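Those protein sequences? They're chains A and B, same order as listed.
For the first sequence, the UniProt record's numbering begins at 1 and goes up steadily by one.
For the second sequence, the UniProt record's numbering begins at 1 and goes up steadily by one.
Rather than coming from a laboratory, the hints here were simulated on the basis of the structure.
None of these values were measured; they are calculated from a predicted model.
C-beta: ideal position from N, C-alpha, C; glycine also.
Take every hint as true, because none was put in to throw you off.
Chain A regions said to be covered by chain B (calculated; three or more residues, Cβ under 8 Å): (1) 122-134; (2) 160-171; (3) 290-298.
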Amino acid sequence: MTDNAEPAPPAAAALIRRGEDEAGGWRFRLEEEDWHALGAALRRDPLSFVTLWADGRDVHALFLDAGERPLVASVEPYGGRYLGLSAARPAAAPCERCVQDLWGFSAMDARDSRPWLDQGLWTATWPLGARPGPVAWPPEPPDFRPVPRDHAVWGIGPADGGHRAPAHLRLALDGGGAVGQAEWRLGYAHRGVVARLTGLDADGAVRLAGRAVAGASVAHQSALCRAIEDATGQGAGAAAVRSRVLLAEIERAATHLLDLSRVAGAAGATALAAECDRLREAILEQCGRIGGHRLLMDRVWVGGGDEVAAAIGARVADLLEAGRDGLARGRAWPGLEARIAGVGVLDARAARSLGVGGVAGRASAREADLRRLVPGYRRAWLESGVRRGGDVAARIDVRLAELGGVARLLRLALDGPPDVPPAARPASGEGVGCAEGPRGGVWYWVRLVGGRIAAAHVCDPALAQAAALEHVLAGARDEDVAMIVRSFGLSAAGADL
Amino acid sequence: MALLRAFLARGFRPAIRLPAVGPMGVFHVETGGCEGCAMEVAALDGAAYALSATGVRFVTTPRLADVLLVTGPLTRGMAPVLEAAWHAMPDPRALVAVGACAIDGGPFGENYAVLGGLEGRAPLDASIPGCPPSPAAIVAGLAGLLGVSGAVASGLSSSA
Ligand code: SF4
Numbered sequence: 001m002t003d004n005a006e007p008a009p010p011a012a013a014a015l016i017r018r019g020e021d022e023a024g025g026w027r028f029r030l031e032e033e034d035w036h037a038l039g040a041a042l043r044r045d046p047l048s049f050v051t052l053w054a055d056g057r058d059v060h061a062l063f064l065d066a067g068e069r070p071l072v073a074s075v076e077p078y079g080g081r082y083l084g085l086s087a088a089r090p091a092a093a094p095c096e097r098c099v100q101d102l103w104g105f106s107a108m109d110a111r112d113s114r115p116w117l118d119q120g121l122w123t124a125t126w127p128l129g130a131r132p133g134p135v136a137w138p139p140e141p142p143d144f145r146p147v148p149r150d151h152a153v154w155g156i157g158p159a160d161g162g163h164r165a166p167a168h169l170r171l172a173l174d175g176g177g178a179v180g181q182a183e184w185r186l187g188y189a190h191r192g193v194v195a196r197l198t199g200l201d202a203d204g205a206v207r208l209a210g211r212a213v214a215g216a217s218v219a220h221q222s223a224l225c226r227a228i229e230d231a232t233g234q235g236a237g238a239a240a241v242r243s244r245v246l247l248a249e250i251e252r253a254a255t256h257l258l259d260l261s262r263v264a265g266a267a268g269a270t271a272l273a274a275e276c277d278r279l280r281e282a283i284l285e286q287c288g289r290i291g292g293h294r295l296l297m298d299r300v301w302v303g304g305g306d307e308v309a310a311a312i313g314a315r316v317a318d319l320l321e322a323g324r325d326g327l328a329r330g331r332a333w334p335g336l337e338a339r340i341a342g343v344g345v346l347d348a349r350a351a352r353s354l355g356v357g358g359v360a361g362r363a364s365a366r367e368a369d370l371r372r373l374v375p376g377y378r379r380a381w382l383e384s385g386v387r388r389g390g391d392v393a394a395r396i397d398v399r400l401a402e403l404g405g406v407a408r409l410l411r412l413a414l415d416g417p418p419d420v421p422p423a424a425r426p427a428s429g430e431g432v433g434c435a436e437g438p439r440g441g442v443w444y445w446v447r448l449v450g451g452r453i454a455a456a457h458v459c460d461p462a463l464a465q466a467a468a469l470e471h472v473l474a475g476a477r478d479e480d481v482a483m484i485v486r487s488f489g490l491s492a493a494g495a496d497l
Numbered sequence: 001m002a003l004l005r006a007f008l009a010r011g012f013r014p015a016i017r018l019p020a021v022g023p024m025g026v027f028h029v030e031t032g033g034c035e036g037c038a039m040e041v042a043a044l045d046g047a048a049y050a051l052s053a054t055g056v057r058f059v060t061t062p063r064l065a066d067v068l069l070v071t072g073p074l075t076r077g078m079a080p081v082l083e084a085a086w087h088a089m090p091d092p093r094a095l096v097a098v099g100a101c102a103i104d105g106g107p108f109g110e111n112y113a114v115l116g117g118l119e120g121r122a123p124l125d126a127s128i129p130g131c132p133p134s135p136a137a138i139v140a141g142l143a144g145l146l147g148v149s150g151a152v153a154s155g156l157s158s159s160a
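Turn these sequences into a full structure, and let the hints steer you where they fit.
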């Protein structure tokens, strides 16, 4: 370093804070040149990116400052264009494509600007934008990436009888059964959740959020409740905090068992799949009988959570403890390890850069567990549980370990007082909330006007998983594709919303 | 949605008489819901329910199906896919809507991306309400197509 070296440029978080504070110290408006400076700063600053979205006027990007404080940068697109962040944060790429499809704001410098959700079958282009456009008929053919030479194309879905949200996976296979390139065609399950949230009152919005992704209904409802509580300066009481923790853990167990059953089935481990099916059914039965809903929908509301969670939680902890040996026997099934070890590897760097958290992130050595930010969890309750392999085996083993973790957490939350949440922030009419769903972090941002949702954003982990799967599947064997996809627990319902 | 109506609706529809011998083949299409109904259908297809004993078998191609079982609201993207599945099925065939979304759109009625439910768009042979309906309710609804009494069906479905 020489003496006349330029002073170090401000860190990305400091750059954002230099903007105009619009929501009580966590969302800042940046002028266009400061947004460009942010884009440049993100190339060297590790500030962790969460999601990017638009409302009628602005584009917003949510980061986690120091890994725990939500920090939002907002910019008003100029002439419908803004500088995309995907060059510095590849995880922003699918978000930018969604913003383009829904709002018509295009990201300059984007890694990929092809449609993501819009297949040309909607009633308008840019349906949420200020000026929705006409649609071309017939729709343009899909703009797939060119297939490598000498590769044959193999398409899976959107309707293959597989009891899953619809999505199309297009694989380019070389002659020897290796996948040269994988690409999703999504949007089949897009229902316009954001458009539907707009205008609803808080209760209606929370009910709808419970139908965003069924395997993460509690997570979505809790995250939205926290966002609304943040916006209105209204905290949730200790009882609500506790029941939300219990419900979230029960949901985690049920969805982990579903995802385990699916991946075990694809791997040919029918005994493990059967153990998972039976244990999950026993849990859902308790949820339905005691809690009134097998999938725990509508057990969480603004300011509260259903206290029936304690009764279900105790039963579920018993069931999980009783089921542990059966699951271990299923995992030890001869031949399973050889089938799943080293297959479908997502390395730690790719997991970080593509924003993959949740089970898949933790299986790729990424400490990504939003429960440390969620009121009610004591830090000492959470064990790191990170694996390094990043393969199908690691994703299976993280889930199995977390099933044990759920039983332990349920007991702790039932026995001890929950972590008392800190005093709520003053009402600013805007809020963010999160939850660690069974498949990863769920985030909501809301702006309330007169008690109704004026603008909202929903972020489900499936979006990042879909992008990561394109990366992981390239190079896989064709017979492993179904197993790899299921090992992520991807739900197109969450990717499309 | 004239397109879908033209494909699915027919001038008259004889009472569905599905084959009395052999299991009833069911092709399940999730047309864009939250996956809740699909998960309950999946539960039926798993080890917790002895489904084969009920005479119902899930198939992975519509060509082997007697029943097209739909979950989720019909999105505009899935309408052509559903049509194609229906076309591929041999006669006699039945159309079954499972859950609020598939019946009338439920929380996901018509908008820029969604057409809504099947009710009023296509003649339904059975509707199984709920958000989502339980696996037992789904088996009972399917058994109705075979003329099996509800009591028998629920007896069969409680094998969890
Ligand atoms: S009926 Fe309810 S559970 Fe079923 S897909 Fe629709 S919202 Fe989900």
